[in-house]
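Trainee: So the chains spell out like this:
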Amino acid sequence: MDLELILSMANATLRLATPLLLAALAGLYSERSGIFDIGLEGKMLAAAFAAAATAAVTGSAWLGLFAGVAVSIMTTMVQGFASITLKGNQMIAGVAVTMLAAGLTTFLGQTWFGQGGRTPQLSGDARFERIILPYANELSGVPIVGPIYAWVLSGHYILVYIAFLAVPATAFVLYRTRFGLRLRAVGENPKAVDTAGISVTFQRYQAIFITGILAGLSGAYFSIAQGAGFGNEMTAGKGYVALAALIFSKWRPVPVMFTCLLFGFLDALQIRMQSTELPLIGEVPVQAIQALPYVLTVVLLAGFIGRAVGPKAGGVPYVKER
Amino acid sequence: MSIHTTFKGLAALTGAAALTTLMAGTALAAPAVIYDLGGKFDKSFNEAAYNGAVAWSEENGEDFLEFELQNDAQREQALRRFASQGAQPIVMAGFAWEAALTAVAPEFPDTNFVVIDTVVDAPNVRSVMFDEHTGSALVGALAATASETGTIAFVGGMDVPLIRRFHCGYAYGARAIDPEISVIETYTGTTPAAWDDPVTAGELTTAAIDEGADVIFAAAGGSGIGVLQTAADAGVYSIGVDSNQNYMHPGSVLTSMIKRVDLVVQESFTDAADDATFEPGRVDLGLSEDSVGYALDEFNESEISEEMIAAAEDLKAQIIAGEVEIHDFYTDNACPLD
Numbered sequence: 009m010d011l012e013l014i015l016s017m018a019n020a021t022l023r024l025a026t027p028l029l030l031a032a033l034a035g036l037y038s039e040r041s042g043i044f045d046i047g048l049e050g051k052m053l054a055a056a057f058a059a060a061a062t063a064a065v066t067g068s069a070w071l072g073l074f075a076g077v078a079v080s081i082m083t084t085m086v087q088g089f090a091s092i093t094l095k096g097n098q099m100i101a102g103v104a105v106t107m108l109a110a111g112l113t114t115f116l117g118q119t120w121f122g123q124g125g126r127t128p129q130l131s132g133d134a135r136f137e138r139i140i141l142p143y144a145n146e147l148s149g150v151p152i153v154g155p156i157y158a159w160v161l162s163g164h165y166i167l168v169y170i171a172f173l174a175v176p177a178t179a180f181v182l183y184r185t186r187f188g189l190r191l192r193a194v195g196e197n198p199k200a201v202d203t204a205g206i207s208v209t210f211q212r213y214q215a216i217f218i219t220g221i222l223a224g225l226s227g228a229y230f231s232i233a234q235g236a237g238f239g240n241e242m243t244a245g246k247g248y249v250a251l252a253a254l255i256f257s258k259w260r261p262v263p264v265m266f267t268c269l270l271f272g273f274l275d276a277l278q279i280r281m282q283s284t285e286l287p288l289i290g291e292v293p294v295q296a297i298q299a300l301p302y303v304l305t306v307v308l309l310a311g312f313i314g315r316a317v318g319p320k321a322g323g324v325p326y327v328k329e330r
Numbered sequence: 004m005s006i007h008t009t010f011k012g013l014a015a016l017t018g019a020a021a022l023t024t025l026m027a028g029t030a031l032a033a034p035a036v037i038y039d040l041g042g043k044f045d046k047s048f049n050e051a052a053y054n055g056a057v058a059w060s061e062e063n064g065e066d067f068l069e070f071e072l073q074n075d076a077q078r079e080q081a082l083r084r085f086a087s088q089g090a091q092p093i094v095m096a097g098f099a100w101e102a103a104l105t106a107v108a109p110e111f112p113d114t115n116f117v118v119i120d121t122v123v124d125a126p127n128v129r130s131v132m133f134d135e136h137t138g139s140a141l142v143g144a145l146a147a148t149a150s151e152t153g154t155i156a157f158v159g160g161m162d163v164p165l166i167r168r169f170h171c172g173y174a175y176g177a178r179a180i181d182p183e184i185s186v187i188e189t190y191t192g193t194t195p196a197a198w199d200d201p202v203t204a205g206e207l208t209t210a211a212i213d214e215g216a217d218v219i220f221a222a223a224g225g226s227g228i229g230v231l232q233t234a235a236d237a238g239v240y241s242i243g244v245d246s247n248q249n250y251m252h253p254g255s256v257l258t259s260m261i262k263r264v265d266l267v268v269q270e271s272f273t274d275a276a277d278d279a280t281f282e283p284g285r286v287d288l289g290l291s292e293d294s295v296g297y298a299l300d301e302f303n304e305s306e307i308s309e310e311m312i313a314a315a316e317d318l319k320a321q322i323i324a325g326e327v328e329i330h331d332f333y334t335d336n337a338c339p340l341d
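Protein chains in written order, with our numbering: chain A, 9 to 330; chain B, 4 to 341.
Excised from the complex, chain A in its bound form:
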C-alpha cells in the first residue's frame, strides 16, 4: 500500500461516511427524545427524490437541498403525529413511512419524468460542486500535513463539511444547553419533565424537527452531490446502517462519528480490495470482500461494544394519566 492509495482511501472514507453520519445524527435527536426512528430510510429516500426532482426542474442544487429537507421534515411530522400525538406504535409508523417513500418516489418519478422512476441526470448548477479548500494546491507540497489537507480534507461536497460540523454542534446542544438537557430527559423520564412543567409533546416535536432536517440533508447528499439524479431505492438501506451505527455507539454524538467513519472505511476498503492480490492469500473472491463490512459489523456488535442500552422511555408514547 503506497501513500497515494492510503490518501485516496481516507478521502473515500469521508465521502462514504457522510450520509451515514447525517442519518445517524438525525436518529440520535429522535431516539434521545424517546422516539425510536426506524423510518430514517424512508425520509432519506423521500428527501433524495425531492431534492433531485426540484434540482432537475429549477436547475438549482440549493433549491433542491431546500426541497429535500422540507419533504423530510414533512415526512417526519407525519410520523411524529402518529407516534407522539396519536400515541401510535413508533415502529409501525416508521415502517409505514419507509414503505410509503419507496412506492411514492418511484410512482411520482415515473409520472413526472417518464424514466421508470429516475429523475433526469443533473449537471452544472443543479448539482453540488466539490469544494477545494483555500491554499489546497499551494500546501500540497508541505510534508505530511500538505497531502492530507489537499487530498483528504479538501475537495468534498459542502454536505460533507456540514455533516462533520454537526457532530460538535450536536454534542454541544445535547450536553451543554437547556434544550439538550430537556431532550435527554424526555427520553429517559418524561414524567419528571412533565412534572417540572415542560411539555413532553412539544419537546419531542422539536427533537424530530431536527431529525427531519438532518435526514433531509443525508437524502439530498445521495441524489444531488454524490450521485447526479435519483434512482429507485437509491439510499440502498443506508438508513438502517445508520441506525446500527447509532446503537453501536450507544446514542452518543462523537462515537457516532467514529462508527460512521469505520463503516465508511470498510466500504472504501471493500471497493478498493476488489481484484487486488493480497499477500499469502492471493486474489480474494469479490463476494467475500463485499461481505466484509457486514461480517465486521456483526463481529464488532456482538463482541466489542458490550450492552447497548437505549434511552429508557424510548418506544413508549407518553401518556399523562392512565
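Think of the hints as simulated: they come from the structure by calculation, not from any bench.
Glycine included, each C-beta is placed from N, C-alpha and C at the ideal position.
Hints are not guaranteed to be accurate.
DEER-style ranges, computed between Cβ atoms [stated by the list, open to error]:
#1 A:Val65 with B:Asp113: 46 to 52 Å
#2 A:Val307 with B:Pro182: 52 to 58 Å
#3 A:Leu71 with B:Asp293: 43 to 49 Å
A few chain B residues that face chain A, going by a derived Cβ cut-off under 10 Å, partial list only [as the list claims (entries may be wrong)]:
#4 Lys43
#5 Phe44
#6 Asp45
#7 Ser60
#8 Glu62
#9 Gln80
#10 Pro201
#11 Glu206
#12 Asp213
Put chain B on the given structure of chain A with help from the hints.
Mentor: Quick look at chain B alone, frame taken from chain A:
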C-alpha cells in the same frame, strides 16, 4: 403506445389452457416484451429492448405488451400471464431466464418465445446470443489507444459469467493493442440490485481513477450511469454499453459497446409472430453481422481519431478472419490473461 395490464394473479391462470387454444395463431395477438431487473429505462440493455419494441410499434402502428420485472420470483408468473393472454411472440431480455422459460415453454407449445442472452432448448424457443467478448475487444482496443496512463478499468454490474465475458473480451482487445496495459476489474455487486446501483458504481470508478485508470468501461446496466457521470466529473474517458450512450456526456464517453438488442426485439416481433417465419434454435450474432461493435456518432467523433478507427477495424478484421483469438469466458469459465 404500450398497454399496461395488471396482474390477475393465480386465479386467472386456471383459465389459461382455454385461453391459449382460443387465441393462439390469431392475427390479433400482440407481441410482448419482458424487461429484466435494472429497469426499462436503464439507458442500456433493457432500454435497447424497449427501443426495439417501440420501433416495431411505430412501423406497424400496433401496440405491444410489456412488463418490467421487480424481482426474480415474477419470471414464471409474467411468462404464464402473457402466454395465456395469447401474446405472440413473447420476447425476454436477460441471462437469467433459463429456468423460468424451461419450465413454461412446454406448457404453451403454440406460443413462440424469443430469449436474449441465454439458451433454452425447446421447439418453440429461439435463443439469441451475442458475441459480447468480440464486441468488447473492439472497445478494449479503442480504450488502449486512448489511454495515456497505461491503465484502463472495467466496472461490471452483477458478477455473473455474462459480465465476466465482457471483461475478458475487453482485456484481450486492449492487450492486442498494448500487451503491457493493466486492466482493473471490479463489479458493483453479486445480487440483481447491482444492475441499478449508480452510487456504488461511481465509487468503484473513483477508486479506479485513483489507481491511474483513464478509460473506464461500464458493463453494468443502469449502474453504468454512475460510471459515466463519475468519469465525466473527473475528466477521464468512459465507455458505455448495450445501447449507444455516447450522447450522455459528449467528450467524456469515448464510445459505447453496442449490442443490437433493439434490432433483435424489433425483428422478432415480426418474424416470430408467424409460425411460417419463426425459426427455433440458437442464433449467434457477432462482429460479422455487425450485431456487436463500437458506436461512432457526432458525440464522440472528435475523440476518436482516424488511427484509432484503423486500429479497431484492423482488429475486427483479424478477429473475423480468426487471426486473433479473443478468449470466450463461456468456454471454460476463466479468463487466462497471462
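Trainee: The structure should be examined with respect to each hint, and the outcome stated for every one.
Mentor: Here's how the hints hold up against the structure:
1. Between valine 65 (chain A) and aspartate 113 (chain B) the CB atoms are about 49 Å apart, so this pair conforms to the stated range of 46 to 52 Å.
2. In this structure, valine 307 (chain A) and proline 182 (chain B) break the distance hint of 52 to 58 Å, their C-beta atoms being roughly 43 Å apart.
3. The supplied range of 43 to 49 Å is met by leucine 71 (chain A) and aspartate 293 (chain B), whose beta-carbon atoms lie about 46 Å from each other.
4. Checking lysine 43 (chain B) against chain A: minimum C-beta separation of about 5 Å stays under 10 Å; hint holds.
5. At a threshold of 10 Å, the smallest CB-CB gap from phenylalanine 44 (chain B) to chain A is about 4 Å, leaving the interface hint in force.
6. Residue-level restraint check for aspartate 45 (chain B) holds (minimum Cβ-Cβ distance to chain A is 8 Å; threshold 10 Å).
7. Using the Cβ-Cβ criterion of 10 Å, the hint placing serine 60 (chain B) at the interface with chain A is not satisfied: the shortest such distance is roughly 16 Å.
8. At about 22 Å, the closest approach between the beta carbon of glutamate 62 (chain B) and any beta carbon in chain A exceeds 10 Å, and the interface hint on this residue is violated.
9. With a least beta-carbon distance of about 20 Å to chain A, the hint placing glutamine 80 (chain B) at the interface is violated under the 10 Å criterion.
10. The beta carbon of proline 201 (chain B) comes within 6 Å of a beta carbon in chain A, closer than 10 Å, and the hint placing it at the interface holds.
11. Proximity of glutamate 206 (chain B) to chain A holds as hinted, the smallest CB-CB distance being about 5 Å (cut-off 10 Å).
12. Annotation: aspartate 213 (chain B) was flagged as interfacial toward chain A, and the flag holds, the nearest CB pair being 4 Å apart, inside 10 Å.
Taken one by one, the earlier hints fail for this structure at numbers 2, 7, 8 and 9, listed in ascending order.
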